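J.: Read off the chains here:
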Amino acid sequence: MQVNIKHHAEGAVVQVTGDVDMLSSPRLREAILELAQDCAKARIVVNLEGVHYIDSSGVASLVEGLQTARRYRTKLMLVGLNEGPRDVLQLTRLLDVFDVRASDSAALGD
Amino acid sequence: MVGEVDVRIASDPRWLKLARTLIDECCQIVSLGAGPTRAMVMAANEALSNVMRHAYGGDRTCPIRIVCRRTSGALEVEIWDRGDEFDPFAQRVPPPDELRGGGRGLFLIRSSVDEGEYARTSGWNRTRLRKRLPGEARREALRGHAG
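One line per chain: the protein sequences are A and B, in this order. According to this note's numbering, the first sequence holds residues 1 to 110 in order. According to this note's numbering, the second sequence holds residues 111 to 257 in order.
For the record, the hints were derived by calculation from the structure and aren't laboratory data. Treat the hints with care, as some may be off.
Claimed, not checked - Label pairs and their in silico Cβ distance ranges: (1) A/ARG86 / B/PRO205: 17 to 23 Å; (2) B/ARG170 / A/HIS8: 38 to 44 Å; (3) A/ARG71 / B/ARG230: 40 to 46 Å; (4) A/TYR72 / B/ALA120: 37 to 43 Å; (5) A/LYS6 / B/VAL203: 35 to 41 Å; (6) B/ARG170 / A/ARG70: 33 to 39 Å; (7) A/GLU34 / B/THR231: 43 to 49 Å; (8) A/LYS6 / B/ALA200: 26 to 32 Å; (9) B/GLY233 / A/ALA102: 48 to 54 Å; (10) B/ARG230 / A/GLN2: 36 to 42 Å; (11) B/GLU135 / A/ALA42: 41 to 47 Å; (12) B/ARG163 / A/GLY50: 21 to 27 Å; (13) A/ARG86 / B/TRP234: 32 to 38 Å.
Because the structure is a prediction, the values reported are computed rather than measured. Virtual Cβ for every residue (Gly too), placed ideally from N, Cα, C.
Could you build all of it, start to finish, from the sequences and the hints given here?
T.: Written as structure tokens, this is what we have:
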């Protein structure tokens, strides 16, 4: 799994590529938490277009990121949900908990 | 799929992707269908992750055996380990949408398979996951309807 972070004036985009499982999820968690605690970032967009598999540890990283972002009054949004990640979030009844946007620009734009 | 696939891996998370690929291929061979395949791969991955993290406490050198077989009307995946005794089907599972970090693995296992079963034999834990094949699922629904 690869995590690339692009910084924009409106916030940061965390581009994730590859499977998110117990081996790789600590890297995703670390990246999101670090950004969430950075008060200068108004928005964090986690782009999962390149992710077709995410397990419960990956979901846990997203939830922790969301909680931390809320604590620091930062918005955390998800973009590019493929079938696999969407299935997991739906099954765990978390899909509506997250702010899911159509694209990076839609997430950064409004 | 005739016969069965029987492989050994170490309790190292680097093997997880290979295990998922193997189980995915077995699901495709028996034409399980896209949704049920994703569900079976997810359940097996969660069961394997639990073994690595909890049963073996993060020790990456312990043995895990994965068996995939087609039985009458279903695909079965068995995960064998020699770690601490743990029945994933007998635990209390917290609501998955509680906003806490972890703890959703057992929920995902139990909600992704048609049947699950745990046994401890000769020092091995055996977690069996079962997913009905599409024709069998239809037949079962019809039987239920008729009854």
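J.: For each hint, tell me whether it holds in the structure or not.
T.: Going down the list of hints, with the structure as the test:
Restraint check, A/ARG86 to B/PRO205: a C-beta distance of roughly 20 Å satisfies the suggested window 17 to 23 Å. Take B/ARG170 and A/HIS8: their Cβ atoms lie about 39 Å apart, and the range 38 to 44 Å holds. In this structure the hint that A/ARG71 and B/ARG230 lie 40 to 46 Å apart at CB holds, the actual value being about 43 Å. Between A/TYR72 and B/ALA120 the CB atoms are about 40 Å apart, so this pair conforms to the stated range of 37 to 43 Å.
Between A/LYS6 and B/VAL203 the C-beta distance comes to about 38 Å, which sits within the given range of 35 to 41 Å. About 35 Å separates the C-beta atoms of B/ARG170 and A/ARG70, a value consistent with the hinted range of 33 to 39 Å. Checked against the given bound of 43 to 49 Å, the beta carbons of A/GLU34 and B/THR231, roughly 46 Å apart, stay inside it. For A/LYS6 paired with B/ALA200, a C-beta distance near 46 Å fails the hint of 26 to 32 Å.
For the hinted restraint 48 to 54 Å between B/GLY233 and A/ALA102, the CB-CB distance of approximately 52 Å keeps it satisfied. For the pair B/ARG230 and A/GLN2, the supplied restraint of 36 to 42 Å holds, since their beta-carbon distance comes to about 40 Å. Hint check: B/GLU135 to A/ALA42, Cβ distance near 44 Å, so the stated range 41 to 47 Å holds. Range check, B/ARG163 to A/GLY50: about 25 Å between beta-carbon atoms, so the 21 to 27 Å window is met.
At about 36 Å, the beta-carbon gap between A/ARG86 and B/TRP234 stays in the expected band of 32 to 38 Å.
Violated hints amount to a single one, hint 8; each of the other numbered hints is respected by the structure.
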